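Undergrad: Sequence:
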Amino acid sequence: MSKATFLLRLIPSLAPISQVERLRSSCGALLGILLTGFISTLAVGDDASLPLLIAPMGASAVLLFAAPSSPLAQPWSILGGNIVSSAVGVTCALLIPDPVVAAAIAVAVAIGVMLLLGCLHPPSGAVALTAVLGGPAIREAGYAFVFSPVAINSLLILVVALVFNNLTGRRYPHLAPAANPHSTDDPLPSQRLGVVPEDLHAVLAQYGEVVDVSPEELDGFIHQAQIRAFTRRSGEITCGEIMSRDVATVSPDTALRHAWRMLVEHRISALPVVTEKDGLVGIITQTDFMKHAVLTPEGRLQTGLRERVGNVIGLPPKSPRLVSEIMTRRVQSALPETMIAKLVPPMADMGLHHMPIVDADNRIVGIVTQSDLIAALFQRRIEADARMRDVA
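Quick note: the sequence shown uses my numbering, first residue 20, plus one each step.
What the hints contain is simulated information worked out from the structure, not anything from laboratory work.
Here are the simulated EDC-like pairs of lysine to aspartate or glutamate, each with C-alpha atoms no more than 16 Å apart in a straight line:
1. K310 / E344
2. K296 / D272
3. K296 / D380
4. K296 / D378
5. K361 / E255
6. K361 / E260
Only a predicted model underlies this, so the values are computations on that prediction, with no experimental measurement involved.
Construct all of the structure, not just a fragment, from the sequences and the given hints.
TA: Encoded structure:
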């Protein structure tokens with residue numbers, strides 16, 4: 020192995036990062052440190068004997084703004100890790116006369132306690148070190164150092180990260196996805212075959228080291244890669260090829276009785292809601308009707324218990340009358356050129372039965388149902404089997 024090859028292997032292999040993401044991370048760190056220091060100054064006063072902003076906050080900013088999805092950057096990691104480590108550091112400084120020995124033991128114990136409590140945060144090791152070697156002012160403050168500046172700094176930079184990351188399109192905190200949208204113990208359909216979470220956890224347990232990505236996030240990456248591989252193998256079938264084009268729609272001002280009649284007449288379970296100005300603005304389904312009202316066999320809206328009681332005591336009726344009052348406004352849609360493989364996760368795991376297809380102006384051009392998707396995948400499998408027989 021040449022020296023140049025060896026040196027190249029020392030460079031970590033990072034996932035591609037866009038220029039926008041680099042700028043976003045840098046701006047987040049700028050705001051995080053600036054606001055943390057400024058608010059700490061207002062809260063404590065600039066004549067405080069303790070530092071208003073401790074150095075480990077710079078390392079925390081790297082995680083919170085450049086890697087907000089990391090398990091090491093989550094709220095419990097930064098709050099629990101920094102507070103626990105500072106307390107450990109102060110304790111070691113008080114009990115162990117030799118500062119070098121105290122520093123070493125403080126960092127070692129802090130790591131062990133963080134791993135035990137599930138709040139591992141790399142900058143917290145520097146917090147423990149600061150508590151021991153930070154100077155006379157920190158040593159004299161004792162456990163007050165845990166509260167100010169450690170807890171105050173940690174809480175402030177965490178609040179900035181919560182606001183900034185979500186405003187700039189980065190979900191934070193990075194919560195694990197819900198297990199099953201139907202609130203049952205069954206695994207999601209996409210997790211019943213192939214690589215399942217149990218396989219992933221077994222491999223990680225066998226690996227036995229800290230991995231800077233959550234099992235749920237890693238599982239999501241694996242499934243996305245499987246979808247890409249499936250698309251490559253099965254061919255490029257688009258939503259535009261399989262969608263229904265003659266779509267029954269309603270407007271927000273459509274009466275619920277009329278919308279229900281359309282569902283019954285067309286034998287469908289959902290209607291896209293559209294307007295002339297904005298295009299697709301929602302969807303109304305049989306589930307929406309069941310959640311808000313009960314329909315009589317004659318197609319009349321029967322009021323629920325709340326309104327029947329209200330009629331007795333003289334309250335005005337509250338039953339919804341228009342589509343806009345019960346429709347689902349946050350509706351997922353796709354473009355005609357979207358590959359059908361991308362519809363599998365929302366339809367299989369999230370329980371979506373319909374995917375409206377819109378053009379670049381958000382105008383409805385079709386709809387893909389679970390039946391359309393199953394038929395297309397089944398037909399593709401038949402064609403693939405036929406080709407294999409021809410080759411054989």
